[in-house]
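**Student:** Spelled out, the chains give:
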Amino acid sequence: MRSSKSPASIDENHEMTTLIETLLQTGRRLEQLTSGQVDTVADREGRTLLLRGTQEQLRQSEVSRQAAILNALAAPVALLDTKGIILSVNDAWRRFASAQMIQGPGYEVGLNYLDFCESARGDGSSEAHLIAKGIRSVLGGMDKSFSIEYRCPSPKEQVWFLLTVTPLTDDRRNGAVVMHVNISERKKLEEQLRTAHKMEAVGQLAGGVAHDFNNLIGVIIGYGELIQDKLLEADPLHAKVEEILKAGRRAAALTHQLLVFSRQQVLEPKTLNLNSIVMDMNKMLPRLVGEHIELTTSLARDLASVRADQGHIEQVIMNLAVNARDAMPEGGKLTIETANVEFDDHYALGHNQVFPGSFIMLAVTDTGIGMDAGTQSRIFEPFFTTKEQGKGPGLGLATVYGAVKQSGGFVWVYSEPGHGTTFKIYLPRVQGGTEKEQRNIGTKKLVRGTETVLLVEDEESLNKLTGEMLQESGYRVLKASNGVEALEISQRYEGTIHLLLTDVVMPKMGGPALAKQLAVLRPEMKLLYMSGYTRNALVTQELAESGSGLLQKPFTRDTLTRKAREILDTLR
Amino acid sequence: MKPQGKKNVTFKFTLYIAGDTVNSWQAVSNLTSICKIHLPDHYEIELVDVLRNPKRALKDRILMTPTLIKFSPTPVGRVIGTLNQALPVLQALGIGISNP
Chain A
1 MRSSKSPASI DENHEMTTLI ETLLQTGRRL EQLTSGQVDT VADREGRTLL LRGTQEQLRQ
61 SEVSRQAAIL NALAAPVALL DTKGIILSVN DAWRRFASAQ MIQGPGYEVG LNYLDFCESA
121 RGDGSSEAHL IAKGIRSVLG GMDKSFSIEY RCPSPKEQVW FLLTVTPLTD DRRNGAVVMH
181 VNISERKKLE EQLRTAHKME AVGQLAGGVA HDFNNLIGVI IGYGELIQDK LLEADPLHAK
241 VEEILKAGRR AAALTHQLLV FSRQQVLEPK TLNLNSIVMD MNKMLPRLVG EHIELTTSLA
301 RDLASVRADQ GHIEQVIMNL AVNARDAMPE GGKLTIETAN VEFDDHYALG HNQVFPGSFI
361 MLAVTDTGIG MDAGTQSRIF EPFFTTKEQG KGPGLGLATV YGAVKQSGGF VWVYSEPGHG
421 TTFKIYLPRV QGGTEKEQRN IGTKKLVRGT ETVLLVEDEE SLNKLTGEML QESGYRVLKA
481 SNGVEALEIS QRYEGTIHLL LTDVVMPKMG GPALAKQLAV LRPEMKLLYM SGYTRNALVT
541 QELAESGSGL LQKPFTRDTL TRKAREILDT LR
Chain B
573 MKPQGKKNVT FKFTLYIAGD TVNSWQAVSN LTSICKIHLP DHYEIELVDV LRNPKRALKD
633 RILMTPTLIK FSPTPVGRVI GTLNQALPVL QALGIGISNP
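Those protein sequences? They're chains A and B, same order as listed. Take the first sequence: its position 82, counting from 1, is numbered 82 in my numbering, and each next residue is one higher. Take the second sequence: its position 54, counting from 1, is numbered 626 in my numbering, and each next residue is one higher.
A couple of the hints might just be wrong.
[Stated by the list, open to error] Negatives, chain B to chain A, calculated, CB over 12 Å:
1. N580
2. V581
3. H614
4. E616
5. G668
[As the list claims (entries may be wrong)] Here are the simulated distance ranges between beta carbons:
6. B:D613 / A:G36: 26 to 36 Å
7. A:G122 / B:S601: 52 to 62 Å
8. B:D613 / A:E15: 48 to 58 Å
9. A:T18 / B:V648: 30 to 40 Å
10. A:P167 / B:G668: 58 to 68 Å
11. B:D613 / A:A67: 29 to 39 Å
Simulated from the structure, these hints should not be mistaken for lab results. Note that the Cβ used here is the ideal one computed from N, Cα and C, for glycine as well.
Just chain A, with the same shape it has in the complex (with noise of 0.2 Å):
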């Protein structure tokens, strides 16, 4: 054959048209015999030559199965040409472009996307444009791929995109792929763990503080109490004196909600049952969120135990109700309920902090003010709140969620601007008859004693303190700054020591370390820690549930004699 150069002669002509006739009448004539179902014929050289139809057939086969991979993927993608114009788009884009109302030019196949990126205007044309200069880069090759986090101005809710373009590269034409991916959910579970991680830090922070505080305000109080005792009450500094117990028992307060935030109080778990709790506080509720607020329970009948302080849960739904009085100054509706429920695998794994199991559920609802999304995310922090100043320290919710927490439970709050609130509690569910509360109400008398008691504590002004409380109420006491000193005063002393009561952690050596090489020195002496706070909570949770005995600081002159005179008179 001539090349494309010179045409063909009229002879070559002719015989092309003859070998075309022939070929085709050869092609029909394979076709009957084989009753068209034959796809390709080859010649001897093995070069193959596709039938009638069968190229189209391979053809529309490819576009198929390209668009079934498309259309499989979740996420909205696009096919663009060199010039930004859509060649083709997937079934999730076309959901995609109608969910996100957005109509006319720019979404459609055929239609210019770069147009559309560049020429948006108001909320979310930032990213427009920023989009628009990635996807240039990479048709144009300055960039081989170009990814961007975007929130797309919907008027419903938050939607999160990761926008994705890569090229696209085949024999007949470039361009570049597009695909927006929801990470919605990725961004909600990250903002969880940021505030997880935050409320974290802040409560390490504040246990801190409050262990510091707590020492300075035992010694306020202590001493305080100790000048009062020596006062007639006729006398002028007897009344101010009073004045500072009073402060000093509120910055108590204060300092004993801090610890429960940082979950580093110590706990006395009881197994309850949170119906109970409810009702008998339900006696007391109406009177602190007033006769404008219409108090509703809904509990459920057969509701299973938790394990949890019962102080604390009772704190818990004190705080909740104050704050839901407070969201309804024109009156409403609050209503307390509780459930047995199930989170599994699939819940858990789709909410940051949750895990799978059965749970009591604690819900308080008011229909109140509500909040914004901005007022949610802090509401849990330590003296975080919307109330007016003198209108509490902003320690009620930390506390709730430190409480929480520390019984192994989580708290959810869904809340909307002008639609009330609703905080849900879950609590470990566990088997077992419920324990009855048992308050000790003691008289305001004195409790003395005359025994001989092992003081160890390394807060210089601590030790001295609680020294100067037990010898004011008759007892001998050998003073320790740590457990070495306290091993060589016991080795020395030849008399009989009744009671060891120690700090827990100590320089050198700790209470329990102590406490262990003493009992069998002293098997007969009884043993009493003080704590307030731990940097190893654990330790101090093993003390509480050992059964030995366990003194919170601040305590005043009263708890402590009380409670050394109670294990003085326990029988080993």
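Following the hints, complete the assembly by docking chain B onto the known chain A.
**Tutor:** Just chain B now, kept in the frame of chain A:
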């Protein structure tokens, strides 16, 4: 129906097809069902796409697709088309069958 002859004999087929065309996939589907019904557990099928592997087609002297070749047991048998009727296919390949 069961194949006549030795019990442990395995029928080795090679089916030559051309991409995703209708005739090719009909042949694959028909051959598979013929084997499942008439030669259960006694067959092996190899698929060769002549568009991807033209050298193999040349070596095996394939002039059209779909083409089925039975390489073993000998003698070698060859059938062209979609294999839409079981009996002529089995006869053409020299596979005798008996009623169960």
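**Student:** Each hint should be assessed against the structure and marked as holding or not.
**Tutor:** Consistency of the hints with the structure:
no. : hint                        : in the structure
1   : N580                        : 33 Å, holds
2   : V581                        : 28 Å, holds
3   : H614                        : 26 Å, holds
4   : E616                        : 24 Å, holds
5   : G668                        : 25 Å, holds
6   : B:D613 / A:G36: 26 to 36 Å  : 34 Å, holds
7   : A:G122 / B:S601: 52 to 62 Å : 56 Å, holds
8   : B:D613 / A:E15: 48 to 58 Å  : 57 Å, holds
9   : A:T18 / B:V648: 30 to 40 Å  : 38 Å, holds
10  : A:P167 / B:G668: 58 to 68 Å : 59 Å, holds
11  : B:D613 / A:A67: 29 to 39 Å  : 38 Å, holds
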